[in-house]
Structures are given as structure tokens and as C-alpha cells.
Amino acid sequence: MTADAIRCEGLVKRYRKARALDGLDLVVPVGSICGLVGPNGAGKTTTMSILAGFLTPDEGRVDLLGRGPFSPESHRGRVGILPQDAELPTASTPRQLLTVWARLQGLDGPSARRAVDEALEAVLLSDRGDARVATLSHGMRRRVTVASALLGDPELVMLDEPTSGLDPSQARHLRERIAAERGRRTVLVSSHNLAELEMMCDWVVFIDKGRCTRAGPLIEMTGRDREVYVHLAPPYPPGRTELVTLRVPDGVAPEDATSELLRALLAEGARVAEVRRGESLERRYFADEEVA
Amino acid sequence: MRFAADVWWVAVYELGEAVRTRLFQLVLLAYAGGIAFSTWLFVKALSNAEEVAAGTLGVPSTARPGAMMGTFLENPDLARVVGQMAGGGTDVTELLKEPLLGLWTGVATMALLPLVLVFSASGSIASEVKSRSVRYLLCRTGRLQIGLGKLAGQLLIALVAAVIGGLVAWGMGMTMMVGNPPLGLALSLVERTARAAVWALPFAGLGLAASQWIPSPNGARVVVAGLVGAMPIAAYWLDLHVGLSLPGRLADLAGLFIATTAWSDFWATDLPTFGAAAARSVVLAVVYYSLGHAVFARRDL
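Each protein sequence line maps, in turn, to chains A and B. So the first sequence is numbered by my numbering: it starts at 1 and just counts up by one. So the second sequence is numbered by my numbering: it starts at 1001 and just counts up by one.
Just chain B, same shape as in the assembly:
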């Protein structure tokens, strides 16, 4: 109980310090701007498509796009595109029951949120060790509680960012488009951004691991950015070697430890597949984090 309370209070401390820091506020602003830009792109693409369709049919186009959404959803090309966005292997028919903007924002959030967490997590422990402010925590709780608290704090940060992004997308969707059901879009955004927050957690674990190894916050950020960039390449290489032989099975197993390979499972429409992906994400975050904790637990601070 005491252990959990300590983890919670360190998480609150982590969130509080992050959201009150100017640099991180700028990062959050950039993230919200990224979501706004992606929503604008969506609206613009839809508007263009509707203008083309209206021209073909010889009917006037509407001032705000969205009126022809129902027609577009019947187009198999759109279903194929959505299937590709979701990484393939997902029941697209089921996915398309959600507002298209919700799905689009889910993709944008899953792409951008890891970057926010890589930034905040990589600097977290490194900057506190550098300024020695970690000592104010060390004389009150254990190093494991500090580490796990910071990981939990990153989840809270992800949720805050996801809520901000969701609100931006909802607001733009309701004002720039027609035909979006307010509650339906809100529910879709809640689900997609919440999934994205869990999906992003391993990236926070990786950031915290680097933050424990590398004393410079910016150094840690560069290293983690490189590692995250290498993930899809490593996943692709492993995928080429998956097979029934021992190396093939090892490649399959190694793939489980690469966070980006879980993309499609986070779009699963059945709860067991998504639940397993979420659990894997949490475990992976702890595994990544623990790569750094071995250093943090023993070093002089």
C-alpha cells in the first residue's frame, strides 16, 4: 500500500513539474498544433473529394464538408485505405462504424504522442540527476518507487496530451465539418486517444531508461529518438527472418520486444486482442524502464 502511494505521489510530482515547465508547455502546444494540422488536412482532403464528387454529379457542393461521408464510406477504396492505416488484419467494417475523423485522429495521436513522451521521459531523470534535485525524492522514498512513479507520471502526461489533442480534433470536427455526431465523435476520440496513450507508454519507458544511463537530458533525447527511428527497420528485418526454424522463432520472439510492432493490435475491434496489446505495452514499458533501473538503483546520486 505504502509502495503504491509513493509511486502515485511521484507520478503526481512528475506530472506537476512537467505541465508547469515552459519548455514542456511548448511541446504540448506543438503536439496540439500537430493534431490541429492533421485534422485540417483531413477536412481539406474531404472537402476536395466532395467538390470533385459534386462536380461529377452536377450538384452544388456544401460550404462545410461531411455531407457525402455516407457515400464515401461505401467506397471499397476508402475501406482499403483505413485498413492500411490500421496496420492490416483489422475488421475494417467494424472500424468504419466510428466517425472517420475519430479514426484519423487515432492515427495522428499514435504517431505524435510517442514523440511527446520521448521528449519528456528522456529528460526526466537525467535533468533531476544533473541538478541533484532527485535528492529531495531520494531522502523520502526508494529508487524503484521513484522510477515507477516517473513511468506512471508519463502515463498521466500522455493522458493529458491525449485529452488536449482529442478536444482540438473534436472542436475542429464540429466547427469545420457537417454530419459528425457530437457524442459519437467524442466517444470515438476518447477511445482512440486512450488507446494511443497506452500504445505510447513503452516509448516513455525507453526514454526513462536512457535518462538513467545518460546524464545529459538532451543526449538522452537524441539517443532515444535514434532508437525509436530504428524500431521499424529492426521490425522489418526481424519480419524477414521469422520462420519455423530456431532463428526464425527467435526473430518472432524478438519482435515482441519492439514497441512499434504492436500498431495493428491497437486497432483491433475485439477486446481480447486489444487487451493483450495493452498489457504487452505496459509490460514492455516496464521492461524498457528496467534496462535503466539497473544503473539508477546502484549509482551514487
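Okay, chain A solo, but in the shape it has when bound:
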């Protein structure tokens, strides 16, 4: 098994004169839940579409699961894809659509039936599996498309804006479902919602203007492994302000460093309002943007 589920080098995609991707490099480790982050027009959907084989890159290399660029022959049943804006055919029922798609993924009749039941259950749609797609709400249709991506237990799942159009409860269920996949399979999720990605992901890739600007484990990106922020309530002890920042030294566990800092602050008579490890993904993202 390869160490990287996805590896792209120097991807370039031009739409007429505009360069949607401008030499994008991307690495997603096997078993990770990776968030693809970027502003509108950064190239997230183009990247997803190239990975899924819907678009052909003008330059660059793609490798999925160590089997080269996506092709139905070499990746059959191994890769699940949720396209961002592909409409579902409306005349059939979710079960009918998913069954044909499962058969196209190479599953036999009984396995396809089982896989369809599991996929519908995973998105809480077992009771609407036999309703025509035309009669389903936008959120339900979105869940059917998520079910199609999870169909047949693929090794790699690529989800483009999976919670778009879902109500808060459905979105939460889906986030939990995706987060639970950590270590079982690789998931690449594209979203504008940084708080949502922070809840699901353990690996993050920032892209902007068609290039990867930053990538790595979420814990490193947010500084949770080396930064502690303590907010104090007034009155502050002499020499202290509202915010106390600690950079955890190498070789010291963040928990030990945090405990020691808190002991010291309490000994000084400080009133602790909040303790935080690292910055949120959103703050880090905007801090990067400001630097840029």
C-alpha cells in the first residue's frame, strides 16, 4: 500500500486565458481526513474534478492510491466521489439509482443490495429510498449523492462541499460520519466552512489562486501541539495583561506545560477566564491571508 492516497504534482488547468490551477502540488496521506480550504475561485472544485477524471489537466501528474490518474478500470470500486453541482436524475428512486451505480462498481446483486442499504442508512435515508428523487427535498437529494460516494466501502472518498444545502442537524450527522472514517479510509473534503473542517479533519491543505499555499496536519496548522493561550479576567496580576501566551518547548508535553503555566498564574493571584491550545483554523487561515 502506498503512503499517500493522493499525490499531485504541478497541476495546471486553463479555462481560455484564466489559469484555474497554476502548478498545484497536493499530498494527502492514507487514512487521513483532509480538508481542502480556499476562497471562491481558488481552484478547489477544479482540483476535485481533475482528481475524479471529469477534467483533464493541461499539465502535471495525478496519482490516486498508487494507481495513476483516476480511471474506472484501475480504480473501480476503490474511489467514491461526490461531485459538487451534479444534479441527480429525478425520475428514478434513490434505491434504483444506487443499485445501478453499485452494479457499475462491480458489485454482484446481493452485495449491491447490501451496499445500497448501508449507504442509505449512513445518510439516514432508509425510509425514503423508494421515493422518486423528484419528490425529495434539496437536503435529501444531497444526502443521496453522499450515499453514492460512500457506496461499496471505497478506500478513498472525495467530497466536494458535502454539507452544502443540509440543515444543521443533517450537517452535524454527516460531519460525525466523516470524522468517524479516520483511519478506516482516506477522505478529501472541500468546504468553505472552516469550523466544520476543523471538526472533521486531521490534515489540511490551503489553496489559493490555483496553488497550494500551506499543507500539513491540522494539529500543526492550528498550533495545538505547541501554543497555549490563557485569557485572564481583570484585575490582572502585576506585569500581566489579558492574554498570556506560552510556546511549548520541544520535548515537553503540552499538557504539562499548560499545567505548570496555570499553577504559576494562580500563584500570582490571576483569575483564569479561558484556556485555549492553538488558534482556530479560521484565525490561522485569515492570519495567513493577511500576511499574503
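Bear in mind the hints are in silico, worked out from the structure with no lab data behind them. Yeah, the Cβ is synthetic: ideal placement off N, Cα and C, and Gly gets one too. You may find that some hints are simply not true.
Which residues of chain B face chain A? A partial, calculated answer using Cβ under 8 Å [stated by the list, open to error]:
1. R1020
2. Y1136
3. T1141
Cross-link-like lysine-lysine pairs, in silico, DSS-like; alpha carbons within 30 Å at most [said to hold, decoys possible]:
4. K1044(B) - K1097(B)
5. K17(A) - K1097(B)
6. K209(A) - K1044(B)
7. K209(A) - K17(A)
Given the coordinates of chain A, work out where chain B should sit on it, guided by the hints.
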């Protein structure tokens, strides 16, 4: 094996989506109505002819037509008309062994079924590309399998329509006429409508080709309708230029690529001639389809 299975499942998908779509259900209904109308015309014409004959002979006419069919079949004028319907060059004596309604329905089916397939095939890929729902197939199978599966799906659609049309004609023939042998009429209708389904396949290939070139389903339908309308004109023009010279031979060869020129071969009473026509129809469907696949295989979807 995997390739064939994929083609089959895409065909099933194509048929399933088509027959569950309201618009296509209306098209099927219109087609069944067309067959019903043509059968009614046949019954009405027969009834009128029998009334005239009964008046001439001074005998009472029957409530339901068909009693004088045997007499009419001996009339050389009828044989000439049937020969013309079959495009000429066919053994009419052999054809007339079938119930006349079966032959008539064969003509109606061969005329109407291509229109059904032009409608469904022209919108097929274009609408899926427009809505991007083709992506659900693209991430599971290859583009060639999708295209050939859709072509096979159109054949299934043609067979479904042919069965519906056949049932309508049989039901009307048995209730509005006398003298039609139930099994004989059924067998004749099965043969004629099955032949018509194969005959219509190139029109589906043409529709799918346009559906790959033109992103709008209705745009593709208009273009294909125009092309199908131009076929008899092109065939006539080529026929004028057929000869032993090189251009004449080229015109003869070009005629093979025009679907409508196969009409008379689909009425052949000998199996080799019909078999060759059926094979040509399948090849022509694939050739027409492949004109679009060159685009579909490479474009961003």
C-alpha cells in the same frame, strides 16, 4: 466481460430513466396514439372498401370489416400497393401470406419509431452533460461503455415502444375486425415491430451523436430532425448519380451510409437479405454514434 456488463447496466439505466420520465411517457403515449390512428385508418379503409364491394354484389355488409379480406388479397392492385409500401423489389406474394394489418402496422412502426428514438436519444447525453449527472456514471465506468450503453438502451426503448405499438394494433385488430387469426396476427406483429426496432437503431445513433456535439437537448433534437428529414433527399440525389464511373460508384457507396435507403431490405422475405440489412443497421448506428464519441471521449465533463 466487464465491458459488456457495464454496457448492459448503462443500458438498463438509460431505459429506466427514460420510461420513468413524464415527458418521455407522453412521447410513448403519442407513439401508441399514432399506431392506434394508423390501425383505425386501416380498419376504416377496409370497411369502406367492403361496403362498396357489398353494394356492387348486392349483399349486406358485415358490422365489422375483414370478411372480404380473402377476396381483396387476390386483387393485383392490392399486391401492387403492398409492394410499394415495402419499397419495391420484395416478393409480395410471400408478404401477403401475413395478415394485412401486420404489414400495415410494420409500415407505421417503421415510420414512427425513428421519431421516438430521435427524441429520446438526442436528449440523452446532452441533458446529462447539462445537468452534470453524467458524472455519476463517469466515476464508475468508461466513456465508451457509457456511449455504447446508451445506444443499447435506445434499442431497449425501441423494443418497449414496439411492444406497446404491437399490443395496440393487435387489440384493435381483434376487436374492430373479423377474420384475423389471433396467433397469426400476433406473430406477424412481433416480426414486423422487431424488424422496425432494428431499422430505427441508426436514428438513435444519430441522435446520440448530436447529443454529444450539442449541449442543449432541444438543440440536438432539432438538428437531428433536420438531418433525418434530409436523408430521403440525399438518398434520391445519390440515386440519380449512381453509375459505373468512379463518382457513380462513390455515390452508390455513400448511399449505404444513409439509413433510410435500407427500407426495402427490411421487408425482404429471405433471411440473408434481411440479416444483412439488420447487420448494416447496427453498424450504421455505431458509425453514427462514433461521430459524436470523438468529442465525448475528450471533452471536459
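Here is what the structure says about each hint:
A cut of 8 Å between beta carbons decides the hint on R1020(B): the least distance to chain A is about 4 Å, and the hint holds. With a least beta-carbon distance of about 6 Å to chain A, the hint placing Y1136(B) at the interface is held under the 8 Å criterion. With a least beta-carbon distance of about 5 Å to chain A, the hint placing T1141(B) at the interface is held under the 8 Å criterion. A threshold of 30 Å between alpha carbons decides the hint, and for K1044(B) with K1097(B) the separation of about 22 Å falls inside it, so the pair holds.
Proximity of K17(A) to K1097(B) is assessed by CA-CA distance (about 69 Å); at most 30 Å being required, the pair is judged violated. Distance restraint check for K209(A) and K1044(B): the Cα-Cα separation of roughly 73 Å exceeds the 30 Å cut-off, and the hinted pair is therefore not satisfied. For the proposed pair K209(A) and K17(A), the alpha carbon gap of about 14 Å is at most 30 Å, so the pair holds.
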